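A.B. asks: Chain by chain, the residues:
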Amino acid sequence: MNAQYKKGIVEVCLLALVEKGFQSAYHITRAMKDNLSITENTVYPMLRRLYEKDYLIYEKEKMEAGAPIKKYQLTELGLSHLNEEREAWNQFTKEISNILGASNE
Amino acid sequence: MNKRIFLDNLKTKLKDKGIQPTDIQEVLDDYESIIDEALSNGEDETLFIEGLGQPSKIIKSLKLRKTKLQRNKEKIFGISPFIAIIIFFLVGFLFDGFGYSWLAFLLIPILAILLEEKGFERILGASSIIAVIIYYALGFWFSLWHPGWIVFTLLIPLALIGKKLKYRLFYATGLVILIGVYAYLELTNSQLINALLLLPLIPFAFITQFIYLEFSAIKVKIRELAFFTTLVIILISIYLYLGFVLNAWHPGWVIFMLIPMVGLGYDQIIKKKKHPIVAYTPFVSVILFILIGEIFNAYAYSWLIFLLIPIMGVLSEKGEEKWNG
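As given, the protein sequences belong to chains H and X, one line each in that order.
Position in the first sequence (from 1) plus 5 gives the number in the numbering used here.
Position in the second sequence (from 1) plus 611 gives the number in the numbering used here.
The following block holds chain H by itself, in its conformation from the complex:
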C-alpha cells in the first residue's frame, strides 16, 4: 500500500483494532504489521498520542512473568472519532471507486 495512503488512515486502523479486541501494544503491533506492513516502531508512539487525545484508556494487567501490560480500550470520545472517520473513509473510498472504477469499464 502506498505510504501516503497509510499516513492518513493508520491511527483510525489502530482504533479499529482496539475496538475489535486487540488490547496490548504487542498484539496491536502484530496486527498492524500483518495487515498494513506497519513496523513495530510506529505503533507505540501512536498509542501514546491517541491516549493523550483521550481516545484510549488503559488498565495495567500484572503478568506471571515480566512487566505488567497495559490493556487499552476505546473511550467514548475514541469510539465516536472512530465512527466518524470510518464513515468519512467509506464515503471517500466510494467516491474514489466511482472515479477509478469508470476507467475499467
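These are calculated hints, taken from the structure and not from any lab test.
For clarity, every value in this text was computed on a predicted model and none was experimentally measured.
Capping the alpha-carbon separation at 30 Å, the derived lysine-lysine pairs in BS3-like fashion look like this:
{"id": "1", "chain 1": "X", "residue 1": "K884", "chain 2": "X", "residue 2": "K684"}
{"id": "2", "chain 1": "H", "residue 1": "K99", "chain 2": "H", "residue 2": "K12"}
{"id": "3", "chain 1": "X", "residue 1": "K624", "chain 2": "X", "residue 2": "K668"}
{"id": "4", "chain 1": "X", "residue 1": "K885", "chain 2": "H", "residue 2": "K38"}
{"id": "5", "chain 1": "X", "residue 1": "K883", "chain 2": "H", "residue 2": "K12"}
{"id": "6", "chain 1": "X", "residue 1": "K624", "chain 2": "X", "residue 2": "K883"}
{"id": "7", "chain 1": "X", "residue 1": "K622", "chain 2": "H", "residue 2": "K12"}
{"id": "8", "chain 1": "X", "residue 1": "K628", "chain 2": "H", "residue 2": "K58"}
{"id": "9", "chain 1": "X", "residue 1": "K626", "chain 2": "H", "residue 2": "K58"}
{"id": "10", "chain 1": "H", "residue 1": "K76", "chain 2": "X", "residue 2": "K677"}
{"id": "11", "chain 1": "X", "residue 1": "K622", "chain 2": "X", "residue 2": "K671"}
{"id": "12", "chain 1": "X", "residue 1": "K614", "chain 2": "H", "residue 2": "K38"}
{"id": "13", "chain 1": "X", "residue 1": "K622", "chain 2": "H", "residue 2": "K76"}
{"id": "14", "chain 1": "X", "residue 1": "K686", "chain 2": "X", "residue 2": "K626"}
{"id": "15", "chain 1": "X", "residue 1": "K882", "chain 2": "X", "residue 2": "K626"}
{"id": "16", "chain 1": "H", "residue 1": "K65", "chain 2": "X", "residue 2": "K679"}
{"id": "17", "chain 1": "H", "residue 1": "K58", "chain 2": "X", "residue 2": "K668"}
{"id": "18", "chain 1": "X", "residue 1": "K624", "chain 2": "H", "residue 2": "K12"}
{"id": "19", "chain 1": "X", "residue 1": "K882", "chain 2": "X", "residue 2": "K628"}
{"id": "20", "chain 1": "X", "residue 1": "K626", "chain 2": "X", "residue 2": "K674"}
{"id": "21", "chain 1": "X", "residue 1": "K628", "chain 2": "H", "residue 2": "K76"}
{"id": "22", "chain 1": "H", "residue 1": "K38", "chain 2": "X", "residue 2": "K884"}
{"id": "23", "chain 1": "X", "residue 1": "K885", "chain 2": "X", "residue 2": "K668"}
{"id": "24", "chain 1": "H", "residue 1": "K11", "chain 2": "X", "residue 2": "K885"}
{"id": "25", "chain 1": "H", "residue 1": "K11", "chain 2": "X", "residue 2": "K884"}
{"id": "26", "chain 1": "H", "residue 1": "K12", "chain 2": "X", "residue 2": "K671"}
{"id": "27", "chain 1": "H", "residue 1": "K99", "chain 2": "H", "residue 2": "K11"}
{"id": "28", "chain 1": "H", "residue 1": "K12", "chain 2": "X", "residue 2": "K628"}
{"id": "29", "chain 1": "X", "residue 1": "K624", "chain 2": "X", "residue 2": "K674"}
Position chain X relative to chain H; hints supplied.
C.D. replies: Just chain X now, with coordinates in the frame of chain H:
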C-alpha cells in the same frame, strides 16, 4: 541486541535529553512489557528489538515532558546568539574592537557544549574554545601572541588523559604537527610570532569535528577517518601556504570552516542523511563575516551576514512546510 541493552540505551538517551523521570520510567516500563509479551509469543528477541528502532529515533517520535532544568537550558541556548550580538556591538563600539569582538560568537558553541555535553566532553570542549578566546584576546589586546600560546599546551594533557580514542588521536596528531612546525621555524629562522597564530587551529579544527562529525566509532569508520584526516592535512597545508607565503594567517584560518561544511556534505552525499541548507549557513556566515570584515575593514556592518542564519532557518522551515503540506 537484547532487551537489557536496548532498555539501558533507551534510558541513557532519555536522561541525556532531559526528560522528566516519571516519563522515563513510563516509557521504559512500556517497552519492557511490549518486549516481554513479544518474547512470550515466540518472537525472536533480536529481530523484534531491531524493529522497535533506535532509541534516539524512538525519543524523537514521542511527545515527552522535559525537566525544568532542560527547558531552562534550551532557553539559555536559544538566546545565546542575541547575547553574542549585544556583546559584539558593545565591545566593537565602546572599545573600537570590531577586529576581535567577533569572538563573542564563540559564546554560542561554548554554551552548547556546557549545556548539552556531560563529563569529560564538556570540560574538553569548553576548555578548547575558551583557550581560543584567551589566546586571541591576549594577542589582539596585549600583543601577547607569545607566550600566550602556552594556553594550548594545557589542553594536550587534558585530551590525552581522556577515555575516548578520538580525543587522544586528534590531540596527538596536533602535537606532532606543532613539533613539526616549530622544528621548521627553528631551522628556517621564520617569524615565530606569526606562526603562533596557527595554534588555535588545532583545538578549533578539533571542536568543529567534535561537534559535527561524531567520530564515535572509529573502528568501523576507517573510510571517514581517512577522508577527513586527508582533508585536514590539505587544509593545514593551504593554511601554512597562506601564512608563510602570503602572511595571511588571519583571516586565512577561515578555510577550516570547510571541515564541518564538508562533513555535512559527506553526510548528505555518502550517508544519504538529510541536512537542511540552514545547517551550512553558520559556517558560510563566519567565512563571509571575517572576509568582508578583514578585507574591507568593515566589521562594523559585516556582522549583518549573521542574519543569514535566521533567514535561511525561516526559509528552510517554509520549504519543509510546503513539501509536508
